[in-house]
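Hey, can you work out the whole structure from these sequences and the hints?
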Amino acid sequence: MNESEKMSVYIETSVISYLTSKMSRDLVIAAHQEISLVWWEKRRFNYRLFISRVVMDEITAGDEQLAQRRGKLVEGIRLLPITEEMTKLAKHFVEKGILPQKSAADALHVAIAAISKIDFVLSWNCRHIANAEIKKAIGKACQSLGYQAPSICTPLELLDRWDYEEHNR
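Note that the sequence shown ends on residue 214 in my numbering; no numbers are left out.
Derived by calculation from the structure, the hints in this document are not laboratory data. It is possible that some hints are incorrect.
[Stated by the list, open to error] Calculated pairs, DSS-like style, for lysine-lysine (alpha carbon to alpha carbon, straight line, at most 30 Å):
1. 147 <-> 67
2. 136 <-> 181
3. 141 <-> 181
4. 133 <-> 181
5. 117 <-> 87
Right under this line is the structure:
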């Protein structure tokens, strides 16, 4: 499959953080880390990958060594610009109560992907992004404004069972 035929994925910060963090003792987080790693190793090549300045700002914050690891991981991934239209759409998500004001960056991740016509937003942020009720509300809001909402999913949803079974052999 050539590059232009591949579907597009916007990689949100939580996935990058899980890929570069020390394995958690929390079983759920450790499972998310493992699934993220399987997706990264087996499936990322099937997609055109994108991030934004919002992702860059988030991954370069905090512990310097981890920030460097996160930065290295995204080298070569296309950086989407942030436009006024994207900022307005993100603000709309907040004003309509789809996302709280404190999650304005999460709203911007989704707005960037929607306006850039990205197929998938990959996230482990199930509180403010990869959440069934929020996904439905984002879809309605985008449609009412003439945008196509991206499909918001976790890395698990972009794996097939063979990827995971093969990884655990």
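_In rising order, the numbers of the hints this structure does not comply with_ = none
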